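Enquirer: Protein sequence lines correspond, in order, to chains H and S. According to my numbering, the first sequence is numbered sequentially starting from 102. According to my numbering, the second sequence is numbered sequentially starting from 14.
If you're looking for bench data, these hints aren't it; they were derived computationally from the structure. A hint or two may mislead.
Residues from chain S shown here face chain H by an in silico Cβ test under 7 angstroms; the list is partial [stated by the list, open to error]:
(1) Leu52
(2) Gln164
(3) Trp165
(4) Arg248
(5) Arg297
Just a few of them, taken from the derived set where beta-carbon distance is under 7 angstroms, the chain H residues facing chain S [to be verified]:
(6) Ala120
(7) Gly228
(8) Val232
(9) Gln235
(10) Ala237
(11) Ala244
All values derive from a computational prediction rather than experimental measurement. Every residue, glycine too, gets a C-beta built ideally from N, C-alpha and C.
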Amino acid sequence: MATLRLDGEGAPVGASIAAEEITLIQWREGVRPVAAGFALAIPNTEDIAQLSEAVTEAATIILAFPAFMDGRAYSQARVLRERFGFRGEIRARGALVPDQALFMARAGFTALEIGDADPAPFLDALGAYSVFYQYAADAALPAHHLRARRRQAA
Amino acid sequence: MYRYDEFDHQFVRERTAQFRDQADRRLKGELTEDEFRPLRLMNGLYLQLHAYMLRVAIPYGTLSGRQMRQLALIAERWDRGYGHFTTRQNIQYNWIKLEDTADILAALADVEMHAIQTSGNCIRNVTTDHWAGAAADEIADPRPVAELLRQWSSLHPEFSYLPRKFKIAVTGAPNDRAAVKVHDIGLRMHRNDRNEAGWEVIVGGGQGRTPLVGVTVRDFLPEPELIGYLEAIMRVYNLYGRRDNKYKARIKILVHELGAEKFKAEVEAEYARKPEASTEVEERELTRIANYFAPPSLEKLPRWSAGFEDARISNPDFARWARNNLAAHNTDGYSIVNISLKPTGGIPGDASADQMRLMADLAEKYSHDELRVSHAQNIVLPHVKKDDVFAIWQALDAAGLSAANHGLAGDIIACPGLDYCALATARAIPVAQSISRKFADLDRQQEIGPIKINISGCINACGHHHVGHIGILGLDKKGEEYYQITLGGSSSEKASIGSILGPGFAGHEVADAIEKILDTYLKLREPQEEFLAAYRRLGAKPFKEALYGDTAA
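Turn these sequences into a full structure, and let the hints steer you where they fit.
Expert: Spelled out as structure tokens, the structure:
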């Protein structure tokens, strides 16, 4: 199972990290892996707002796309980044379509489990746009921000 | 009018390049139709009954002459010489080849247009009052906000895979011509006692299978908070909207199932949790956009135009057209000209390339280079000197565009129906044509007065039948088309959903049934009472009796 990492140098593809992975059910049952850096898999039907404690303990959060049309995890990822200030890896799992990679990156995902798929179209999609129209969980500045900055400089 | 800057140009160019690559991969067989489908849909490309259909966004229905001329060119070069203006203020081309689509998108990008988000479970083209910036009753032009929303919603990373499509409508006038109460989100401008603009936020209206009038969640949202508040609504919908059943997936169902109060509480809680961001940048962006929509420099003219009055006296056809197709402008000596795309027996909303070019010429010459597409599938010249109205009428008349039926029985809304659409259960166009022919006599239309007859070829209600004063819904019963009639719908500020009158009719019976309904109205109305008012006073009973006899329940 290959994972495409979006942060760092050149978005490398690598085998899934060795960190122990637990489900939310396990976490609720009190499972706490000893090794630092465990990954917590959260279904997209969970109210992220109620999980602040779990989230502070995990190094990686895995969010689910049961179908590519099911976009709940985009909102979950933004809440993790923008409300909880989560700095760890947010990894997308499930039905991932290359052309969605940019939306995922902008929503705060930093890793995509792409399985056996060719990483090239995912990487192409990440670079398809240089203009954005809204703030999101990434560092991209929307057009209106850049316009204002330019007016100020002028 | 809004003009693209380098960012906007770059964005649509990147979009076109991306789609060209996707279409190439599909044509080479590298993508299956299943893989390609969501990609083409995000660019408004549908596979219909006979061919691909391309839906081009006309943001808030506003076009320049140059843009209209480009739409004509596309119709001629890549389609069959015509286009179909829709109830979403867009245009559809019905005979498109996949291999041409990227070239068409490039031709659109050349004139600052695109087909982004005219399909898919995302925020669709934002619609508004087709008389925006010109109407006499307007508080302020709603288009700066519509453009702000267009940009904000373009490839929104969080809201591009919603449970279902999402439609936002905006109006700046107390008389709602944008049907804001039957949209997923409707925004209605108000001014407070300090003369600041704010927005009433209405959520959960809609048509389709479950027609509902939206509920107000904020009476007066300060304008700079608009984007933040809409993000909160969208997030609540994205997280909690139903995804188990496509027919229960619109936000109206969430609002309905949670209850308006609970839904509102969820949105307010989400909004309160948002980081307190400064809205200064948004305010300045809105100012930047609003500058593009500054009123055109209109002349100071007397209210009365001698040339116009003379023409009215000497030409009864012109007088009739002027009576029905002009609307009050906010400036003395000017009129809003409504060009009806509903000639007797014609296809509602269709225009040929030549007609588009003529309308573009007229806009450039007489209307400060502006045209509008109305959700009633007509074209508007918003800023016309009364002195020029007769010349415009003569040009329209020579091009088959002088139907004097604006707002009357011949001004029928109809979706493409089973003649084109893969979703349709019945034809809509021939029914519209038969009603149009039945009421071809303009004296009769005049006598009947203002009425909205809306026809949809399936329950998805693209023809807005639920909010027609008379609505007609085409269905399929064991392979036979039949048509259900509803009465009493309205998309105005006093919105209502029409009620089904009784058993349906075969296609060839519909026009007669409409005639009986309207004859009943003429018999029972009080002086000056319009059809909708009469229906609301009388109820369904006399109309049922007229159609089904005394035995009808």
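Enquirer: Work down the list of hints and note, for each, if the structure agrees.
Expert: Verification of the supplied hints:
1. Restraint check, Leu52(S) versus chain H: the minimum CB separation of about 6 angstroms is within 7 angstroms; hint holds.
2. The restraint placing Gln164(S) at the interface with chain H holds, with a minimum CB-CB distance near 4 angstroms, inside the 7 angstroms limit.
3. Checking Trp165(S) against chain H: minimum C-beta separation of about 5 angstroms stays under 7 angstroms; hint holds.
4. The beta carbon of Arg248(S) is positioned within 7 angstroms of a beta carbon in chain H (closest approach about 5 angstroms), and the interface hint is therefore held.
5. The beta carbon of Arg297(S) is positioned within 7 angstroms of a beta carbon in chain H (closest approach about 5 angstroms), and the interface hint is therefore held.
6. The criterion of a C-beta within 7 angstroms of any C-beta in chain S is not met by Ala120(H), whose closest approach is roughly 26 angstroms, and the hint is violated.
7. Evaluation of the Gly228(H) hint against chain S yields a violated restraint, the C-beta minimum of about 10 angstroms exceeding 7 angstroms.
8. Because the smallest distance between the Cβ of Val232(H) and any Cβ of chain S comes to about 4 angstroms, under 7 angstroms, the interface hint for this residue holds.
9. Against a cut-off of 7 angstroms between C-beta atoms, the interface hint on Gln235(H) holds, since the closest Cβ of chain S lies about 5 angstroms away.
10. A distance limit of 7 angstroms between C-beta atoms decides the matter here; for Ala237(H) the minimum to chain S is near 5 angstroms, and the interface restraint holds.
11. Given hint, Ala244(H) at the interface with chain S, holds; its Cβ is 4 angstroms from that chain's nearest Cβ, closer than 7 angstroms.
The structure fails hints 6 and 7 (numbered hints given earlier, in ascending order).
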